[in-house]
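Student: As they're listed, the protein sequences go chains P and W.
For the first sequence, my numbering assigns the number 1 to the initial residue and increments by one for each residue that follows.
For the second sequence, my numbering assigns the number 1 to the initial residue and increments by one for each residue that follows.
There could be a bad hint or two in this list.
Incomplete in silico selection of chain W near chain P, CB under 7 Å [to be verified]:
(1) P39
(2) V40
(3) P43
(4) T51
(5) M72
(6) A75
(7) N82
(8) L84
(9) H86
(10) W116
(11) T133
Non-contacting residues of chain W with respect to chain P, defined by C-beta distances greater than 10 Å in every case (computed) [stated by the list, open to error]:
(12) T7
(13) L54
(14) P63
(15) G64
(16) N65
(17) V81
(18) A139
Label-pair distances were calculated between CB atoms; the ranges are [said to hold, decoys possible]:
(19) Q65/P x E128/W: 20 to 30 Å
(20) D47/P x D34/W: 19 to 29 Å
(21) R69/W x G116/P: 31 to 41 Å
(22) D64/P x S52/W: 39 to 49 Å
(23) Y106/P x R62/W: 17 to 27 Å
(24) D68/W x K4/P: 15 to 25 Å
Derived from the structure by calculation, the hints contain no laboratory data.
A virtual CB, placed ideally from N, CA and C, is assigned to each residue, including glycine.
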Amino acid sequence: MDTKPNVEVLTREECLELLATRPVGRVGVMTELHPVIFPVNYVLDGDAIVFRTGGGSALEHAADQPVAFEVDDIDVENKSGWSVHVWGKASEIGSGNTLAFRSRVYELPLHPWASGEQTHWLRITPVAIDGRKVTRSNRNDEVV
Amino acid sequence: MSTSGQTWLEDLSLEECLRLLGEQSVGRIVVVPDVDESPVVVPVNYRLIETSGLRWVAVRTRPGNVIDRAPMNVAFEIDCVNLLEHEGWSVLVRGMLHHVDPDAADFRERFDPEPWLVAERDSWRVIEPFAITGRRLHAAASEWAFSISTRTAKSAPLTGSGR
């Protein structure tokens with residue numbers, strides 16, 4: 001099929017809308033020597049990303065670090081899709097936060113799929129959000 | 001959520017990771033452009049190369065972009081999630097990013113990762129892995145299947161969960 005890709009840069013509003021549609025994203029973080037990236041269940045708190053992780057996991061490195069968060073939805077068959085990227089500092093929710101803040105965050109509808117001790121709550125405050133969308137136009141479609 | 005069963009986190013064997021890497025064509029590369037800088041995650045088309053005892057993940061990028069300028073230490077990830085069953089798997093490749101000459105050893109003909117956005121993707125790179133790991137999350141037994149036993153038989157976790 002004769003299709004060509006169109007790349008569209010998404011607005012911040014569009015990015016936030018798309019972020020709200022998915023339950024799983026990926027957190028990229030630097031460990032001592034090497035970057036790693038892991039999928040996580042997440043939920044939006046305004047424009048912030050909230051996720052949970054267990055003690056001893058690599059994502060513990062995320063606390064107080066600059067991290068990247070990515071969500072995408074890719075259609076391999078049609079070679080199209082979108083991705084949204086969030087940059088920010090991750091901070092662990094804990095005694096440094098007010099009780100009211102903690103209570104509100106703990107009430108968010110965040111349900112990790114993995115059972116176990118996901119005791120660390122992390123929140124990424126975005127410094128930047130961007131995204132893009134790749135669509136395909138079939139040249140035959142131009143005749144409407 | 002469900003109180004009826006424990007999910008089960010399985011470490012994938014290297015063979016299974018390679019099989020999954022061989023099946024997919026889109027992954028995400030993460031680079032850290034500079035010390036203390038934020039990591040950057042970019043979805044990319046890739047191709048797993050297995051030849052002469054070597055295993056590489058090949059990608060093509062735009063000269064001068066963030067991947068092209070990145071330090072050598074990178075990670076690469078693929079995953080697949082089942083939104084209905086709340087299951088999924090992910091494979092993580094940690095390795096070193098190298099330039100490769102597409103015109104050497106028929107690389108272009110044999111190993112093109114065929115990026116969807118092909119324009120200007122003229123910087124050919126391979127990730128030389130030093131670690132390939134993966135995990136599969138198995139869903140908990142469905143609620144109804146164990147609805148009777150959850151109250152009576154408290155001692156019935158199917159498997160220990162990971163971590």
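Student: Run every hint past the structure and note whether it holds.
Tutor: Against the structure, the hints come out as follows:
1. P39: Holds: closest Cβ of chain P sits about 4 Å from P39/W, inside 7 Å.
2. V40: With Cβ-Cβ at 6 Å, under 7 Å, it holds.
3. P43: Holds: closest Cβ of chain P sits about 5 Å from P43/W, inside 7 Å.
4. T51: Violated: closest Cβ of chain P sits about 24 Å from T51/W, beyond 7 Å.
5. M72: This interface hint is violated because 10 Å lies over the 7 Å limit.
6. A75: Since the shortest Cβ distance to chain P is 5 Å, the answer is holds.
7. N82: Violated - the Cβ of N82/W stays beyond 7 Å from chain P, reaching only about 10 Å at its closest.
8. L84: Hint on L84/W: violated, closest Cβ of chain P at ~11 Å, above 7 Å.
9. H86: holds, 4 Å
10. W116: Cβ of W116/W sits 4 Å from chain P, so the hint holds.
11. T133: violated, 10 Å
12. T7: violated, 5 Å
13. L54: Holds: least Cβ distance 20 Å, greater than 10 Å.
14. P63: holds, 18 Å
15. G64: Fine: 17 Å to the nearest Cβ keeps G64/W off the interface.
16. N65: holds, 13 Å
17. V81: violated, 5 Å
18. A139: With a cut-off of 10 Å, A139/W comes too close to chain P, as the shortest Cβ separation is near 7 Å.
19. Q65/P x E128/W: 20 to 30 Å: holds, 26 Å
20. D47/P x D34/W: 19 to 29 Å: With a Cβ separation near 26 Å, D47/P and D34/W satisfy 19 to 29 Å, so the hint holds.
21. R69/W x G116/P: 31 to 41 Å: Holds: the Cβ-Cβ distance is about 39 Å, inside 31 to 41 Å.
22. D64/P x S52/W: 39 to 49 Å: holds, 44 Å
23. Y106/P x R62/W: 17 to 27 Å: Given a distance of about 43 Å, which is not inside 17 to 27 Å, the answer is violated.
24. D68/W x K4/P: 15 to 25 Å: With Cβ atoms ~24 Å apart, the hint holds.
Checked against the numbered hints given earlier, the structure breaks hints 4, 5, 7, 8, 11, 12, 17, 18 and 23 and satisfies all the rest.
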